[in-house]
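**Q** Okay, here's what each chain looks like letter by letter:
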Amino acid sequence: MYAIRNLSKIYRMGKVQVRALDGVSFDVPDGDMLIITGKSGSGKSTLLRQMGLLDSPTSGEIILEGKEVTRPPESEKSRLRLRYMGYVFQEYALLMELNALQNVYLPGMMLSASDGDYRRQSRELLEMVGLGNRVKHFPKELSGGEQQRVAIARALINGPRVLLADEPCANLDTASSEMIMETLVRLNRELGVTIVFVSHDQDDKKYARHNLVLSDGKIAAGNGWLT
Amino acid sequence: MKSIKVSVLLALMSTIRGNVGVIVLTILILVLIATNLLFVPSLLGGLVNSANDKVRYSFVGDLVVRPAGDKELLTNASELITQVEAVDGVAAVTFRNVTSASIELDDLRVRCEVYGINPERERQVLDIHQNMIEGNYLDGSDRDQILLGIQLAGADRPETELYDESLQKAHAGDVVEATFATGVKKKFTIKGIFYTESIPTDMQSFITEEDLLKIDPQVRNQAYSLNIKLAPNANSDYVAETIGGLRGNLKVLPWTSFAGLVQSMTDSFNIIRVILNVVNVLVAGFTIFIVTYIDVSGKRRQIGIQRAIGITPVSIALNYLIRGIFYSIIGLVLAILLFTNVIMPLEMQHPFHFPLGDVYLSLAQNDIVQAGIVLVSVSLVSSIIPVIGVLRIRILDAIWG
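Protein chains in written order, with the working numbering: chain A, 2 to 228; chain B, 747 to 1147.
I should point out that these hints are in silico values taken from the structure, not numbers from a laboratory. All clues given are correct.
Heads up, simulated DMTMM-like pairs for lysine to aspartate or glutamate below, C-alpha to C-alpha not over 20 angstroms straight-line:
no. : chain 1 : residue 1 : chain 2 : residue 2
1   : A       : Lys40     : A       : Glu92
2   : B       : Lys751    : A       : Glu98
3   : B       : Lys748    : A       : Asp116
With the sequences and hints as input, model every part of the structure.
**A** Structure (structure tokens):
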């Protein structure tokens, strides 16, 4: 479903050019669970942000569901992010003025046909991530692990085909990290959601079916559908 | 519709969970601006009302009947008065004759119009008798008595607008000598001095109709004008039309025809009002812009997250527009409450004193609507500009700076 073709991203810092991604190409088939690893600064988060349409690559193509979506207008990006993908940030990125339930159903309001649908789905998702009893809590009242689970539930509200997670356990303790990773695995196995996640922890490879190792913006190794 | 629902949720939660200090400050500024927007037109409206009342109740009455064409006087006045009194909607009628005169006291002299009146009829049409500051109003039986306006008498009140041109030290009981246009010279005792706070009225003088007939016998059963007071709820246009049809050569004028000064004042006030409103709008615009800019700058990350999870820029902008409308409506409502329950009652007890009399604040519905439109428009424009700025920033820059 995802095809990344010769993707490059160059940042300009004054007169210096930093090549964060350098001609990366690979496919992510439906239902896959792919981990992207690499050292700090290897370009893994940059790659995920291009895939999540949060940033535009300098060159190359991103093909989603057979359509090229590399540089769509802002409104089209919003639509694609709502309909096809969920994104989980390393720092949870919850809206502080909304409670857990509202954080989850906010993107759902943009698509859902009725009030009842997105509210019910949000509750079910929060139940699924083990937060059924914390729906009215605001982010400040939740632990880091709980906030990240709210973020995962939010990413799933519109039934995305793919979930992109950028170091979802980076700020969590071991127990919370395991709970998050098990949640992702369950989503992949039980709901068939394609998951692409970034991690600097080599141990996380055990959760994924395929892996991709980045080094200096290039694919250094991997056992996935490299092209 | 879905975008609006999202915007409403964001606006609602931002208001409930947002920075109370910022919200209170924003509303407070809007209350002050709205109060200012209401104050200026209500003061100018009060001034115009006050000036209009002087023309209507002290100077000419509701309607004035004059001969049409180049004739100077209404003939067969007694019959005309009877006919006018019979018209539906007419409450009272008085008639006036006028001659010019020079009035002298000691070495000072003033030129003025002297009106011959029927005091009883005048009392029913105009309120000069309620504005005596010295002596008493005329009675029908009075002879060789004269009423002087304050602008003619001076009455030892140097603060009077035309004091230097007046008799300056004339008081009730003093005897003045009047030299009329007919050449007749006659002494009059000042029966009273009136002060209506309307300069054109206060430049008039009055004697009884019998005294005027002695000076100018040719005006018998003639009148320079009929001045009419209408019954409450009478239709002025209908009454004027009916009176105009009584004879072929009548000119019936509403009081507004004599309010040229007020009209000129109103035009000037409108210019002042526009200038003050423009200044108000600029102050409001910049203030709301700054408050929103500070608020939005603190929420750049939140706006970035909203964009990242798929909330459209339109929904995000709409959220700020809804808040702008909400705050401005709250500001306007509080300003109206403050204005009508505190400022207006307070001003009623301590009215502003202008040369044309005490002025009471007068708040018209139209002024409230205008203030509302101005306030909401300014809030919308001023609050949306900073948001558009943040929406133009790359999502990642908005989230991580």
